[in-house]
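Peer 1: Below are the chains, spelled out letter by letter.
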Amino acid sequence: DVKVTQSSRYLVKRTGEKVFLECVQDMDHENMFWYRQDPGLGLRLIYFSYDVKMKEKGDIPEGYSVSREKKERFSLILESASTNQTSMYLCASSLRRGDYSNQPQHFGDGTRLSIL
Amino acid sequence: GDSVTQMEGPVTLSEEAFLTINCTYTATGYPSLFWYVQYPGEGLQLLLKATKADDKGSNKGFEATYRKETTSFHLEKGSVQVSDSAVYFCALGTSGGSYIPTFGRGTSLIVHP
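If you're matching them up, the sequences are chains A and B in order. Note that the numbering used here numbers the first sequence so that position 16 is 92, with each residue one more than the last. Note that the numbering used here numbers the second sequence so that position 54 is 661, with each residue one more than the last.
In short, the hints are calculated from the structure, not lab data. Glycine included, each C-beta is placed from N, C-alpha and C at the ideal position. Certain hints may be false.
Label-pair restraints from in silico Cβ distances [what the hints assert, rightly or not]:
| no. | chain 1 | residue 1 | chain 2 | residue 2 | range |
| --- | --- | --- | --- | --- | --- |
| 1 | B | 715 | A | 162 | 29 to 39 angstroms |
| 2 | A | 87 | B | 677 | 38 to 48 angstroms |
| 3 | A | 91 | B | 668 | 25 to 35 angstroms |
| 4 | A | 185 | B | 689 | 15 to 25 angstroms |
| 5 | B | 668 | A | 102 | 39 to 49 angstroms |
| 6 | B | 608 | A | 103 | 41 to 51 angstroms |
| 7 | B | 623 | A | 91 | 41 to 51 angstroms |
| 8 | B | 658 | A | 104 | 16 to 26 angstroms |
| 9 | B | 649 | A | 117 | 13 to 23 angstroms |
| 10 | A | 162 | B | 647 | 13 to 23 angstroms |
| 11 | A | 159 | B | 666 | 36 to 46 angstroms |
| 12 | B | 686 | A | 143 | 42 to 52 angstroms |
| 13 | A | 96 | B | 623 | 42 to 52 angstroms |
SDA-like, lysine to any residue: derived pairs with alpha carbons at most 20 angstroms apart [claimed, not checked]:
| no. | chain 1 | residue 1 | chain 2 | residue 2 |
| --- | --- | --- | --- | --- |
| 14 | A | 133 | B | 608 |
| 15 | A | 79 | B | 648 |
| 16 | A | 79 | B | 653 |
| 17 | B | 659 | A | 129 |
| 18 | A | 129 | B | 608 |
Stretch-level coverage of chain B by chain A, calculated; a stretch enters the list once three of its residues show a Cβ under 8 angstroms from a Cβ in chain A [said to hold, decoys possible]:
| no. | segment |
| --- | --- |
| 19 | 640-652 |
| 20 | 676-687 |
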């Protein structure tokens, strides 16, 4: 079965720490995404990557960066964590080649991050 | 730009009731349409999809029809169960060269025994 795996389900960090969230997919997908999910706000795209070492900013990139050194792995980095970054973070992947417009995204189970 | 509007929740129903969750969209081109479901503590998973006008997607007793004339993709189920309690997201697939789908804000469904 296809799989998107996020390294942690729950994470507690301190204000000012540098935080790494890892995501790995085993579907050979070109596209990978990081979303943030908050009550009443739905999913908001933080960053998108369409290839190794390639990235595009989403709707809310401030305070975040990303790294994609290998096709299967996409990391989200909180450069200096703040309490307003307490949230659920979801990673997703999708196909870019072929008839990609009909293909769904595949999601990990999420990381619930608390910044104290 | 593209957008998806879903009915606000929570939707609260008794077991075996009929469910409708409304979804309307604005899109350039003719994207595929999707419903995703998010159970408590989990990520989103695909529930069903439709790729062109008048297509009906179905899965696990849920159905939705791609209505181009009303730009809608309403989710329905004839008899809900407690286990259907979750958040449901309507989404536009990618089109026009974009690889980023557009999601609605999600509708929470609570089913009581």
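Peer 1: Each of the hints needs a verdict: does it hold here or not?
Peer 2: Outcome of the hint check:
1. Taking the beta carbon of each, residue 715 of chain B and residue 162 of chain A are about 20 angstroms apart, not inside 29 to 39 angstroms as hinted.
2. For the pair residue 87 of chain A and residue 677 of chain B, the supplied restraint of 38 to 48 angstroms holds, since their beta-carbon distance comes to about 43 angstroms.
3. With their beta carbons about 46 angstroms apart, residue 91 of chain A and residue 668 of chain B fall outside the hinted range of 25 to 35 angstroms.
4. Our hint of 15 to 25 angstroms for residue 185 of chain A and residue 689 of chain B holds, since their Cβ atoms are close to 22 angstroms apart.
5. Distance hint for residue 668 of chain B and residue 102 of chain A: a CB-CB separation of about 30 angstroms, inconsistent with the stated range 39 to 49 angstroms.
6. Checked against the hint of 41 to 51 angstroms, the pair residue 608 of chain B and residue 103 of chain A fails, with Cβ atoms roughly 28 angstroms apart.
7. One distance hint, 41 to 51 angstroms for the beta-carbon pair residue 623 of chain B and residue 91 of chain A, holds here, with the actual separation near 49 angstroms.
8. The hinted range of 16 to 26 angstroms is satisfied by residue 658 of chain B and residue 104 of chain A, whose Cβ atoms lie roughly 22 angstroms apart.
9. Between residue 649 of chain B and residue 117 of chain A the CB atoms are about 19 angstroms apart, so this pair conforms to the stated range of 13 to 23 angstroms.
10. Checked against the hint of 13 to 23 angstroms, the pair residue 162 of chain A and residue 647 of chain B passes, with Cβ atoms roughly 19 angstroms apart.
11. For the hinted restraint 36 to 46 angstroms between residue 159 of chain A and residue 666 of chain B, the CB-CB distance of approximately 39 angstroms keeps it satisfied.
12. Between residue 686 of chain B and residue 143 of chain A the beta carbon distance is about 47 angstroms. The supplied range of 42 to 52 angstroms therefore holds.
13. About 46 angstroms separates the C-beta atoms of residue 96 of chain A and residue 623 of chain B, a value consistent with the hinted range of 42 to 52 angstroms.
14. Restraint check: the Cα-Cα separation between residue 133 of chain A and residue 608 of chain B comes to about 17 angstroms, which is no more than 20 angstroms; the hinted pair holds.
15. For the proposed pair residue 79 of chain A and residue 648 of chain B, the alpha carbon gap of about 17 angstroms is at most 20 angstroms, so the pair holds.
16. About 13 angstroms separates the Cα atoms of residue 79 of chain A and residue 653 of chain B, which keeps this hinted pair within 20 angstroms; it holds.
17. Straight-line distance between C-alpha atoms of residue 659 of chain B and residue 129 of chain A comes to about 34 angstroms, which puts the hinted pair past the 20 angstroms bound.
18. With a C-alpha separation of about 28 angstroms, the suggested pairing of residue 129 of chain A with residue 608 of chain B is violated against the 20 angstroms cut-off.
19. Coverage of the segment 640-652 of chain B by chain A holds [criterion: at least 3 residues with CB-CB distance below 8 angstroms; count 7].
20. Look at the segment 676-687 of chain B against chain A: 0 of its residues bring a Cβ nearer than 8 angstroms to a Cβ of that chain, fewer than three, so the hint is violated.
Checked against the numbered hints above, the structure breaks hints 1, 3, 5, 6, 17, 18, 20 and satisfies the rest.
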